[in-house]
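Undergrad: The primary structure of each chain is shown beneath.
4 protein chains.
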Amino acid sequence: MQIPSNAVSTWITPRVSETDGCGHINNTTLPVWFEAGRRAFFRAVSPALSFDNWNMAVVAMQVRFQRQIYLAHDVRIATWISKLGNKSIVVSEVALQNEAPCALGECSYVYFDYASQTAERVPDEIRQRLAPMLCETMKAIAS
Amino acid sequence: MQIPSNAVSTWITPRVSETDGCGHINNTTLPVWFEAGRRAFFRAVSPALSFDNWNMAVVAMQVRFQRQIYLAHDVRIATWISKLGNKSIVVSEVALQNEAPCALGECSYVYFDYASQTAERVPDEIRQRLAPMLCETMKAIAS
Amino acid sequence: MQIPSNAVSTWITPRVSETDGCGHINNTTLPVWFEAGRRAFFRAVSPALSFDNWNMAVVAMQVRFQRQIYLAHDVRIATWISKLGNKSIVVSEVALQNEAPCALGECSYVYFDYASQTAERVPDEIRQRLAPMLCETMKAIAS
Amino acid sequence: MQIPSNAVSTWITPRVSETDGCGHINNTTLPVWFEAGRRAFFRAVSPALSFDNWNMAVVAMQVRFQRQIYLAHDVRIATWISKLGNKSIVVSEVALQNEAPCALGECSYVYFDYASQTAERVPDEIRQRLAPMLCETMKAIAS
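Keeping their order, the protein sequence lines are chains A, B, C and D.
Be aware that the first sequence starts at 4, since it is given in this note's numbering, and climbs by one per residue.
Be aware that the second sequence starts at 4, since it is given in this note's numbering, and climbs by one per residue.
Be aware that the third sequence starts at 4, since it is given in this note's numbering, and climbs by one per residue.
Be aware that the fourth sequence starts at 4, since it is given in this note's numbering, and climbs by one per residue.
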């Protein structure tokens, strides 16, 4: 498992409410944590984190689970942009506990005008803000 | 534990993601279920369930836990209006599993104009729609 | 979008807490709903829905989003087994609102002995209980 | 609003999935955040954060909402023990955004033996570990 050196790290403290009866973190928690890891990405798109100009719609997400995650230790979410297309963006993510990769994620967005309900080209100013977290040679999940 | 005969029943099937490592339903799930039980109440306030005219702000909530709730059996949420004041409304709720009361809830709202950020009198047309679920002689939690 | 006639239907009433600031159902809610749709599958594996013999570990999940889902209308989750392998099972799911497909899901499990931490063959009695929801000629997401 | 100087601070970054269609943090998120703020408390009771000796059951919780909480700014949860009784413990909490108190919480636990299903005296070694976060002269919510 390789993680680009420019990936953004978000530290998550697991919550009791995120475990399940099997005794570890429930699988539906991972998409929530991966979304939490995309805060820098959201800020690049909507600098004030305002829903009035959110302009991002998820079209697909994928998670691979490699190890169970437990309540007791913090989790690092590593997040980078693995594809910056014309109208679409792919965000790749890895969840690590005790530095061991536990889950891999990929989430595809289209830049979206909610008013006209159409996909549009990602504007240049957003491309510039996304550039520091871009690494198109690595993906979290090999296709 | 008394429940008024005009209480609205909402059936909830417990989800794996709502349990925790202790093996039963996590306590933070109850406010979520009680909010789910208030759908008829929300419809009375905003008939199309549109966030454009939501006009309800929670000012307080309270939950008492009496029995653990398990994954295997459906849960009934019984919901009624226990106070319909000038600007405020109290919703009382009970969660029952196998007809045994497991949790009691009380949630206080003010009728709220988000634009002016002020509380206002609950309009008459909403009072009429709330009337069928009103029972001011019973509360879920004795004060 | 084709759904097998033996798919299990689970009706979900969207919750306010499952929406987000964009005004519709948050994308992280879909894995929760799809897990809720797998209750009949869980019962086939662990008839009493007891965590003591759960024996199912998620190895991968995938969701494709086709339409936004709103608070106002109930959602049907259609669930079937699209692959019943030696040690692994794939569950396919579709979320429909007003009978329009809004999200497609695929979730892969291995039959897992938590004590020995190894994958094992799905036992025959579980295969028999899964048979009524099996349709290996249809998937929710085309590979 | 007074907060004891020995309150434990937990910083929470609000998540998109924790907002709702009204555009701010959903009220059911607060019990989740307050539970997250009780991690030091949980560690005092179960040092390895293991569910095998959890021994804490929630009997009541209460939340007062004073200000809406928004996605854009981190939230501080201040947590202290406001009552350390024979068998019961009350945890008081305040959620602050931009240092303004937004929500107040009180959560009552009993020390509980799940095997015998009875409440028991909080053991001395746990009392010692709870002492640094004890302030019985302040409550979050005035009775």
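Some clues are possibly wrong.
As the list makes no split between identical chains, a pair holds if one copy fits it or if it spans any two.
Under the rule of at most 25 Å between Cα atoms (straight-line distance), these lysine to any residue pairs were calculated in the SDA-like manner [as the list claims (entries may be wrong)]:
{"hint": "1", "residue 1": "K86", "residue 2": "C138"}
{"hint": "2", "residue 1": "K86", "residue 2": "Q71"}
{"hint": "3", "residue 1": "K86", "residue 2": "G26"}
{"hint": "4", "residue 1": "K142", "residue 2": "G26"}
{"hint": "5", "residue 1": "K86", "residue 2": "A43"}
{"hint": "6", "residue 1": "K86", "residue 2": "P7"}
{"hint": "7", "residue 1": "K90", "residue 2": "N101"}
{"hint": "8", "residue 1": "K90", "residue 2": "P135"}
{"hint": "9", "residue 1": "K90", "residue 2": "T16"}
{"hint": "10", "residue 1": "K142", "residue 2": "D55"}
{"hint": "11", "residue 1": "K142", "residue 2": "Q65"}
{"hint": "12", "residue 1": "K142", "residue 2": "S53"}
{"hint": "13", "residue 1": "K142", "residue 2": "Y117"}
{"hint": "14", "residue 1": "K142", "residue 2": "V62"}
{"hint": "15", "residue 1": "K142", "residue 2": "F68"}
{"hint": "16", "residue 1": "K86", "residue 2": "Y73"}
{"hint": "17", "residue 1": "K90", "residue 2": "H76"}
{"hint": "18", "residue 1": "K86", "residue 2": "A145"}
{"hint": "19", "residue 1": "K142", "residue 2": "S119"}
{"hint": "20", "residue 1": "K142", "residue 2": "D116"}
{"hint": "21", "residue 1": "K86", "residue 2": "N101"}
{"hint": "22", "residue 1": "K90", "residue 2": "D77"}
{"hint": "23", "residue 1": "K86", "residue 2": "V11"}
{"hint": "24", "residue 1": "K142", "residue 2": "C25"}
{"hint": "25", "residue 1": "K142", "residue 2": "N56"}
{"hint": "26", "residue 1": "K86", "residue 2": "Q69"}
Honestly, the hints are just simulated from the structure, not real lab data.
Undergrad: Does each hint fit the structure? Answer for all of them.
TA: Hints versus structure:
no.: 1; hint: K86 <-> C138; verdict: within (8 Å within a copy, 35 Å between copies)
no.: 2; hint: K86 <-> Q71; verdict: between (28 Å within a copy, 24 Å between copies)
no.: 3; hint: K86 <-> G26; verdict: neither (36 Å within a copy, 27 Å between copies)
no.: 4; hint: K142 <-> G26; verdict: neither (30 Å within a copy, 31 Å between copies)
no.: 5; hint: K86 <-> A43; verdict: within (16 Å within a copy, 38 Å between copies)
no.: 6; hint: K86 <-> P7; verdict: within (13 Å within a copy, 35 Å between copies)
no.: 7; hint: K90 <-> N101; verdict: neither (36 Å within a copy, 29 Å between copies)
no.: 8; hint: K90 <-> P135; verdict: within (19 Å within a copy, 42 Å between copies)
no.: 9; hint: K90 <-> T16; verdict: neither (34 Å within a copy, 29 Å between copies)
no.: 10; hint: K142 <-> D55; verdict: neither (31 Å within a copy, 37 Å between copies)
no.: 11; hint: K142 <-> Q65; verdict: both (12 Å within a copy, 16 Å between copies)
no.: 12; hint: K142 <-> S53; verdict: neither (29 Å within a copy, 34 Å between copies)
no.: 13; hint: K142 <-> Y117; verdict: neither (28 Å within a copy, 30 Å between copies)
no.: 14; hint: K142 <-> V62; verdict: both (17 Å within a copy, 18 Å between copies)
no.: 15; hint: K142 <-> F68; verdict: both (15 Å within a copy, 21 Å between copies)
no.: 16; hint: K86 <-> Y73; verdict: neither (31 Å within a copy, 29 Å between copies)
no.: 17; hint: K90 <-> H76; verdict: neither (38 Å within a copy, 29 Å between copies)
no.: 18; hint: K86 <-> A145; verdict: both (13 Å within a copy, 22 Å between copies)
no.: 19; hint: K142 <-> S119; verdict: neither (32 Å within a copy, 32 Å between copies)
no.: 20; hint: K142 <-> D116; verdict: neither (27 Å within a copy, 31 Å between copies)
no.: 21; hint: K86 <-> N101; verdict: neither (28 Å within a copy, 34 Å between copies)
no.: 22; hint: K90 <-> D77; verdict: neither (35 Å within a copy, 31 Å between copies)
no.: 23; hint: K86 <-> V11; verdict: within (15 Å within a copy, 37 Å between copies)
no.: 24; hint: K142 <-> C25; verdict: neither (30 Å within a copy, 28 Å between copies)
no.: 25; hint: K142 <-> N56; verdict: neither (28 Å within a copy, 35 Å between copies)
no.: 26; hint: K86 <-> Q69; verdict: both (23 Å within a copy, 21 Å between copies)
In summary, the structure is inconsistent with hints 3, 4, 7, 9, 10, 12, 13, 16, 17, 19, 20, 21, 22, 24, 25 from the numbered list given earlier, while agreeing with the others.
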